[in-house]
Amino acid sequence: MGFWLELAASGLITGGIYAVVAIGLNLQYGLMRIMNISHGEFLMLGAYLTWLAHTTLKINPILLLPVVAIAMFLLGVVVYRLCFRRIARAAPTVEVIEARSLLVGFGLMFLVQNTVNLIWGADLRGYSFMAEPVDIGGARFMANRLLVFGFAVAASLGLLALLRWTMIGKAVRAMMQSPTGAQLVGVDTGTLHPVVFGAGLALAGVAGGLLSMVYEISPSMGEPYTVTALIVITLGGLGSAIGSLLGGFLLGLVEAFGMHFTNPSLKMVLSYGVLVAVLVARPKGLFAR
Amino acid sequence: MSLPSPSRMRGVPFALVLTAGGGLVLATLPWLLSDFLLALALSCLMFAALAVSWSMFCGPTNYLSLATSAFFGLGAYVTAWGLESMPYGLTVLVGGLVGAAFAALIGLAVLHLRGAYFAVITFGLTELTLHSVTYLEKTYANTAGRIISEAPENTVIYWTVLAVTLLAIATAILVRASRLGFALSGIGGDEERAQTLGVNTRRVKVIAFSLSAFFPGALGAAMAVRWTYIEPLSVFNPFIGFQTVLIAMVGGAQTLLGPIVSSVFFSLLTEFLRLRFPYAFLIVLGLLLVVLVLYLPGGLASLFVRRGRQHA
Chain A
1 MGFWLELAAS
11 GLITGGIYAV
21 VAIGLNLQYG
31 LMRIMNISHG
41 EFLMLGAYLT
51 WLAHTTLKIN
61 PILLLPVVAI
71 AMFLLGVVVY
81 RLCFRRIARA
91 APTVEVIEAR
101 SLLVGFGLMF
111 LVQNTVNLIW
121 GADLRGYSFM
131 AEPVDIGGAR
141 FMANRLLVFG
151 FAVAASLGLL
161 ALLRWTMIGK
171 AVRAMMQSPT
181 GAQLVGVDTG
191 TLHPVVFGAG
201 LALAGVAGGL
211 LSMVYEISPS
221 MGEPYTVTAL
231 IVITLGGLGS
241 AIGSLLGGFL
251 LGLVEAFGMH
261 FTNPSLKMVL
271 SYGVLVAVLV
281 ARPKGLFAR
Chain B
1 MSLPSPSRMR
11 GVPFALVLTA
21 GGGLVLATLP
31 WLLSDFLLAL
41 ALSCLMFAAL
51 AVSWSMFCGP
61 TNYLSLATSA
71 FFGLGAYVTA
81 WGLESMPYGL
91 TVLVGGLVGA
101 AFAALIGLAV
111 LHLRGAYFAV
121 ITFGLTELTL
131 HSVTYLEKTY
141 ANTAGRIISE
151 APENTVIYWT
161 VLAVTLLAIA
171 TAILVRASRL
181 GFALSGIGGD
191 EERAQTLGVN
201 TRRVKVIAFS
211 LSAFFPGALG
221 AAMAVRWTYI
231 EPLSVFNPFI
241 GFQTVLIAMV
251 GGAQTLLGPI
261 VSSVFFSLLT
271 EFLRLRFPYA
281 FLIVLGLLLV
291 VLVLYLPGGL
301 ASLFVRRGRQ
311 HA
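In order, the protein sequences belong to chains A and B. The first sequence runs 1 to 289 under our numbering. The second sequence runs 1 to 312 under our numbering.
With the rest of the complex left out, here is chain A (with noise of 0.2 angstroms):
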């Protein structure tokens, strides 16, 4: 019994955590057509954030979220104002949104990770918070791992509560519907797009902080990370938060389990298997009514 709580636990906290960073992605997808193949580098920047200040100024890793999120959703209207909104403008239709937001992916990816890499090289890093074991009916959890995924939940909670009853929320759900209809009833797209944008940063920043508590970093941290998302927003539908919850802790327990089964290097071919699945299936995603 305790083994397969143990197992179940292990990818709903893998899960949690990929759940973080693809609804940061998916609502900068959903909204503005912004196909953010750098979210990963965002993440390992707030990861690396997170280190520094924890390691230089020895304060607690838990408080340092919210500065992380704050500083990360700045940075986000920052990239949205120099990068992302010229192409919104001068762009003819959605496709070539898609195919230019792409391209200014990889350049910002170059960029952030080289950068990162310059400053702090790319050795490995980490430090060590709340390692102790905890019992919880008869299996053993790391004590960091459960703070993270409590916070993983809590942020993709509190964010769907954000969409689902707020004014702001109930403006980004209006305007994935319909962009012009938005418009037209008073939804104003040159704040909410910046607002959206900095807040999808300011999700993967959080998500790089806690990742930061359980495991080491580096600067080529954030791929595999984007390719996650990439996958658990196909399964979830792309536009949908709630799809993208889910569709996370389905991928984690989908690896654990069938790391378990199968074999540990088969794990990237069962994620990819999924994805592929999922898309010559159902593309629309698994939720799609």
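A couple of the hints might just be wrong.
From the structure, some residues in chain A lie toward chain B, with a derived Cβ separation under 8 angstroms [claimed, not checked]:
#1 87
#2 99
#3 104
Far from chain B, some chain A residues (derived; all Cβ distances over 10 angstroms) [what the hints assert, rightly or not]:
#4 6
#5 54
#6 59
#7 60
#8 83
#9 94
#10 96
#11 100
#12 126
#13 166
#14 185
#15 186
#16 195
#17 246
Don't read these hints as lab results, they were simulated from the structure. Even glycine gets a Cβ: it sits at the ideal position worked out from N, Cα and C.
We have chain A; now place chain B onto it with these hints.
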């Protein structure tokens, strides 16, 4: 659907002759250039062929394929598996055919997807191929990579890659002037309208996608002998696909000349930056890419087109 208009056919013989002439000049380079410069020319040629063949399908249709590395890697593995039993030239041909066959197979399965979905799934399929080959090699051949012992001479490799590049350019010229090319632009303009007007869109897309995948497959097989050690992570490297897309789009994927000019531009620029700023060169490259997309969205080709219009 009417026959291609004469105006579209008019430039074809001239373009083909120009390609052949350019090829003859380039074929003399091994006697003129040092080893270093020849290697640089080889990488220009490789990226020119990759970008031209990518634009052949993706340019007119606006489909964004990231599967180039999958075809390239499969071609490279054809050489790794077959070079001991086949001559080098044959492995290049087989590599191209394997790439084309694989593209036809995945094309049948996924070409109904558009936009970001298509980009994501072609990327996913590439990674799936990479990890499947890694797993198969590990379980059945008990190896992580393969050593290529009997490589042909550098000049032979150069001429082979040149031949594939010229073939890619000639094919692109012919496709642009043919009914297939018309149908592809029709699909890019409005897929449903093209279908209503009698284009069998599924067949056209699969044929063109498969045709465009022959070249990365052949190039993979031709270039594999440049590296003495082949492993899945290096030949299925998604970076090859990204770079191809990047070069084609910066050059202007709708045009023929754009990708060629931009592949030379990018190969030289990358080499220059790498020598000049060994640490910061990827940062500069990233910055440049962002600036190019923002301020020259039509690609390098739009510079020439705009100037041409002003004269007219």
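Comparing the hints with the structure gives:
1. 87: Check passed: Cβ of residue 87(A) comes within 7 angstroms of chain B, closer than 8 angstroms.
2. 99: Holds - the Cβ of residue 99(A) comes within 8 angstroms of chain B, reaching about 6 angstroms at its closest.
3. 104: holds, 5 angstroms
4. 6: At roughly 26 angstroms from the nearest Cβ of chain B, residue 6(A) sits farther out than 10 angstroms, so the non-interface label holds.
5. 54: With a cut-off of 10 angstroms, residue 54(A) remains clear of chain B, as the shortest Cβ separation is near 26 angstroms.
6. 59: At about 29 angstroms from chain B, residue 59(A) clears the 10 angstroms cut-off, so the statement holds.
7. 60: About 33 angstroms separates residue 60(A) from the closest Cβ of chain B, which puts it past 10 angstroms; holds.
8. 83: violated, 6 angstroms
9. 94: Violated, since 8 angstroms does not exceed 10 angstroms.
10. 96: violated, 8 angstroms
11. 100: violated, 5 angstroms
12. 126: Since the minimum Cβ distance to chain B is about 24 angstroms, residue 126(A) lies beyond 10 angstroms and the statement holds.
13. 166: Holds, because the least Cβ-Cβ distance between residue 166(A) and chain B comes to about 28 angstroms, which exceeds 10 angstroms.
14. 185: holds, 27 angstroms
15. 186: Consistent with the label, residue 186(A) stays out of reach of chain B, its closest Cβ about 29 angstroms off (over 10 angstroms).
16. 195: Given that every Cβ of chain B is farther than 10 angstroms from that of residue 195(A), nearest at about 21 angstroms, it holds.
17. 246: With a cut-off of 10 angstroms, residue 246(A) remains clear of chain B, as the shortest Cβ separation is near 18 angstroms.
Checked against the numbered hints above, the structure breaks hints 8, 9, 10 and 11 and satisfies the rest.
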